[in-house]
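Colleague: Take a look at the letters that make up each chain.
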Amino acid sequence: MTAIVVHAAPTRWWHSRAVARFMRHHLALVGIAMITLLVLACAIGPYALPYDTLQIDLRARFAPPLSGHHYLGTDPLGRDLAARLLMAGRVSLLVGFSAMLLSTLIGTLVGVTAGYRGGWVGAALMRTVDGFLSYPSIFLVLALAALLRPSPAMITVIIAVTSWMETARIVEAEVRSLREREFVQAARMVGLSRQHIMFREILPNAMGPIIVAASLAVARAILLEAYISFLGYGIQPPLPSWGNMLNGAQQYLASAPWLAIIPGAAITIAVTSFNFIGDGLRDALDVRNDHF
Amino acid sequence: MASGIQVASPVDVALSVRELTVSLPEGMERAYAVENISFDLKRGQILCIIGESGSGKSVTANAIMGLLPKAIRVSSGAIHLDGMNIVGLSPDKLRSLRGRVVSMIFQDPLSALNPLMTVGAQIEEVMAAHDVGTPASRRSRAMDLLVEVGLPDPQLMYHQYPFRLSGGQRQRVMIAMALALEPAILIADEPTTALDVTTQAQILQLIRDIQRRKGMSVMFITHDFGVVAEIADSVVVMEKGQCVEQGGAEQVLKSPSHLYTRRLIAAVPHLTGKNRIPLETAEKISILKVEGLAKTYRSGSALFGTQRIVPAVNGVTFDLTSGRTLGVVGESGSGKSSLGRLLIKLMECDGGSILFEGRDIAGLSETEFRSLRPKIQMIFQDPFASLNPRSTVGHILTVGPVAHGTAYRAAAERARELLSHVGLDTGAFDRYPHEFSGGQRQRIGIARALMFKPKLLIADEAVSALDVSIQAQILKLLDQIQRETGVSMVFITHDLRVASQICDEIAVMHRGQIIERGPPSQIFLDPKSSYTRELVAAIPGGQPGSMSQDESRLGHQRQGETL
Numbered sequence: 050m051t052a053i054v055v056h057a058a059p060t061r062w063w064h065s066r067a068v069a070r071f072m073r074h075h076l077a078l079v080g081i082a083m084i085t086l087l088v089l090a091c092a093i094g095p096y097a098l099p100y101d102t103l104q105i106d107l108r109a110r111f112a113p114p115l116s117g118h119h120y121l122g123t124d125p126l127g128r129d130l131a132a133r134l135l136m137a138g139r140v141s142l143l144v145g146f147s148a149m150l151l152s153t154l155i156g157t158l159v160g161v162t163a164g165y166r167g168g169w170v171g172a173a174l175m176r177t178v179d180g181f182l183s184y185p186s187i188f189l190v191l192a193l194a195a196l197l198r199p200s201p202a203m204i205t206v207i208i209a210v211t212s213w214m215e216t217a218r219i220v221e222a223e224v225r226s227l228r229e230r231e232f233v234q235a236a237r238m239v240g241l242s243r244q245h246i247m248f249r250e251i252l253p254n255a256m257g258p259i260i261v262a263a264s265l266a267v268a269r270a271i272l273l274e275a276y277i278s279f280l281g282y283g284i285q286p287p288l289p290s291w292g293n294m295l296n297g298a299q300q301y302l303a304s305a306p307w308l309a310i311i312p313g314a315a316i317t318i319a320v321t322s323f324n325f326i327g328d329g330l331r332d333a334l335d336v337r338n339d340h341f
Numbered sequence: 006m007a008s009g010i011q012v013a014s015p016v017d018v019a020l021s022v023r024e025l026t027v028s029l030p031e032g033m034e035r036a037y038a039v040e041n042i043s044f045d046l047k048r049g050q051i052l053c054i055i056g057e058s059g060s061g062k063s064v065t066a067n068a069i070m071g072l073l074p075k076a077i078r079v080s081s082g083a084i085h086l087d088g089m090n091i092v093g094l095s096p097d098k099l100r101s102l103r104g105r106v107v108s109m110i111f112q113d114p115l116s117a118l119n120p121l122m123t124v125g126a127q128i129e130e131v132m133a134a135h136d137v138g139t140p141a142s143r144r145s146r147a148m149d150l151l152v153e154v155g156l157p158d159p160q161l162m163y164h165q166y167p168f169r170l171s172g173g174q175r176q177r178v179m180i181a182m183a184l185a186l187e188p189a190i191l192i193a194d195e196p197t198t199a200l201d202v203t204t205q206a207q208i209l210q211l212i213r214d215i216q217r218r219k220g221m222s223v224m225f226i227t228h229d230f231g232v233v234a235e236i237a238d239s240v241v242v243m244e245k246g247q248c249v250e251q252g253g254a255e256q257v258l259k260s261p262s263h264l265y266t267r268r269l270i271a272a273v274p275h276l277t278g279k280n281r282i283p284l285e286t287a288e289k290i291s292i293l294k295v296e297g298l299a300k301t302y303r304s305g306s307a308l309f310g311t312q313r314i315v316p317a318v319n320g321v322t323f324d325l326t327s328g329r330t331l332g333v334v335g336e337s338g339s340g341k342s343s344l345g346r347l348l349i350k351l352m353e354c355d356g357g358s359i360l361f362e363g364r365d366i367a368g369l370s371e372t373e374f375r376s377l378r379p380k381i382q383m384i385f386q387d388p389f390a391s392l393n394p395r396s397t398v399g400h401i402l403t404v405g406p407v408a409h410g411t412a413y414r415a416a417a418e419r420a421r422e423l424l425s426h427v428g429l430d431t432g433a434f435d436r437y438p439h440e441f442s443g444g445q446r447q448r449i450g451i452a453r454a455l456m457f458k459p460k461l462l463i464a465d466e467a468v469s470a471l472d473v474s475i476q477a478q479i480l481k482l483l484d485q486i487q488r489e490t491g492v493s494m495v496f497i498t499h500d501l502r503v504a505s506q507i508c509d510e511i512a513v514m515h516r517g518q519i520i521e522r523g524p525p526s527q528i529f530l531d532p533k534s535s536y537t538r539e540l541v542a543a544i545p546g547g548q549p550g551s552m553s554q555d556e557s558r559l560g561h562q563r564q565g566e567t568l
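Going line by line, the protein sequences match chains A and X. Throughout the first sequence, residue numbering follows this note's numbering, covering 50 to 341 in sequence. Throughout the second sequence, residue numbering follows this note's numbering, covering 6 to 568 in sequence.
Heads up, a few of these hints could be off.
Stated by the list, open to error - Estimated spans, in silico, between C-beta atoms of each pair: (1) X:D430 <-> A:A173: 27 to 35 Å; (2) X:D430 <-> A:L150: 52 to 60 Å; (3) X:E489 <-> A:A173: 29 to 37 Å; (4) A:T321 <-> X:R35: 20 to 28 Å; (5) A:L76 <-> X:D430: 40 to 48 Å; (6) X:H439 <-> A:G180: 37 to 45 Å; (7) A:Y96 <-> X:R35: 54 to 62 Å.
Bear in mind the hints are in silico, worked out from the structure with no lab data behind them. None of these values were measured; they are calculated from a predicted model. In this text, a Cβ means the ideal position worked out from N, Cα and C, and glycines have one as well.
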């Protein structure tokens, strides 16, 4: 049976009130602009710069920003900081996005199942969530990172495994309230299977909170990756990440402060931008704000 | 229209509205919420404003109270309260008028009362806000008011929180609050719409009594002509923001001059008391036989000793043959909706049997029952909540048949056919539910239920959320469908008038049990139980005139039967 109904996008969605509300949220727009800029810079930047991340320029060690051809200066080995920052951005953003996708996926699956099934299945799943939440996740992350071989993929998995619980809780609550709506009963009435009802009928209606949680999850994943890498358990040099760049900058804080300030600023910009976007989305998608 | 009214002398007019126009923000469906309306509320009278949803009647009330939302404003016209024009008055002056000169009661007493304040404190607050009396005098006044609105045990009631009261009691508290400062004018915005018929009758009686006793003027907003017949002295009929007719209650009800009024009155479901003409094709095959059906709700925890057990459906027994409609009527909490959900197995029952075409479906698991689902379908109450807002109408209609193995193309073809059959454009197929009105959505819900060619349709308050004129159309559609397909129906409703229109047989439910069952003629004209008698007596605008005619006609029918 090839009868898969293709969902046409709702007509003129960009005219919707949610979009209008989002456009009124100036900080969220700033966030979008910053993230777009960062992503573009990280994607294209390394090709445009004259230096490679690993190219050592011994004559220009500790060059301060805006000196010569090194726009952001160089590190103790004379490697170009701009090139490393953008390459590190690729790694950090990629880890952040992938961890978000993975944790949202896990959280959504658990949340939808727990919310729709309820009863002992729901109780068991939600108590598991409580268990994960009550474990100090930074220790778990460090223990896992110390135990396993730290690669970007592994770091992504570790972050996702320790951060899906909030999504699960949000989705569970949303699904539990949607489950009682009449259209879900109507779906049962026409004899749809449980999976179909959970993922095709209910889930699209719970996308708002999931999107909000996901945008905040990116920010947290970037931050978590920076922690781990800063402590030396994460992305291993010579592959740069914003976290391990900070780690390398520690000893030169007095003599070459830009080594810490520049990746630090990148982390701050990325994290606050995602938080702004998250706030904007929350205001835009929250129906309780729909007064007029 | 408005030109016919002479300007009454200000002495006997409590409230006069002159050429009032209220504009809506841009981009709404029309430019004005109300346009150029004029009417007078005479002292000591009840004026009913009637119209369908979106006719601008609530906006009119809010304009008089000075409670319009910011985006909506009075653009021209005058509202005279005791000879003073309140349009454009400062918020402070308006505030001092509210409660003192005009006060208002709302449709939903639960959301209009503060859940965190006791009943007594809320009544006193009204007086305190206007600096009336001392704490002691306010307290005794509040007590008097509780007695006045007929609440039992005022001492106890004074200390209660709103959630402990029933809907009718809450509405009485709202009325007590509105009366606290003895206003000259009371505005009641659909105060009985959310209430059961028996409670509605009591509240209408109360408003009538208080109005007579105090010589108050009441502006009563409603969409129900039954209510108008019950209490109105004069009537204003509104349509799409315009006042289309006004006059004495007698005159408007008996000889309406405007086409719209006539249509509205014609659409009001009347208690017929006549039995429905049975379908000709009806061979008497038993479709549904329910025996001793029971469902008990348990809440709280047995472990912590906080368990509450409420029997929702208790030993219900009935049967239904093909092509016939059984009406299930009762007040809220009577278990009629639970019964509907049990029949379609959206809820598991605790005991008893449901024989559908001779097979007991009560004990079947969800997977076993899935193949039978197409034969039993339901039409839901809320046309807004019962359609998935993220799916197209086409998807909503076809998803069920496709899941049961019909090819998509065949299902889509049937969906288009049914859409035009229930009176919708076939273009509706690709559109989303939010693009339709309540009545149109209910038609989509009916089309969905018909996709499978079911044997049994369960309609759970299928017309309660709709305006009367739309109600009449939907009832007609259901009747037509039944005559064409011979489907059996269980029609659940709280409105006896609606039930009398479409049912072959009526079961009255009270506290989870069927206390009386019979043809409409018996239930409405010769009820056996006192509860049914009470229900029938409470129907607004029910009994007069038409009823006795029906009775005589029925007498002939009965004679015919015995012969």
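Colleague: Next, verify each hint and record whether it holds.
Modeller: Here's how the hints hold up against the structure:
no.	hint	result
1	X:D430 <-> A:A173: 27 to 35 Å	violated (49 Å)
2	X:D430 <-> A:L150: 52 to 60 Å	violated (41 Å)
3	X:E489 <-> A:A173: 29 to 37 Å	violated (50 Å)
4	A:T321 <-> X:R35: 20 to 28 Å	violated (45 Å)
5	A:L76 <-> X:D430: 40 to 48 Å	holds (44 Å)
6	X:H439 <-> A:G180: 37 to 45 Å	holds (41 Å)
7	A:Y96 <-> X:R35: 54 to 62 Å	holds (58 Å)
Checked against the numbered hints given earlier, this structure breaks hints 1, 2, 3, 4; the rest are met.
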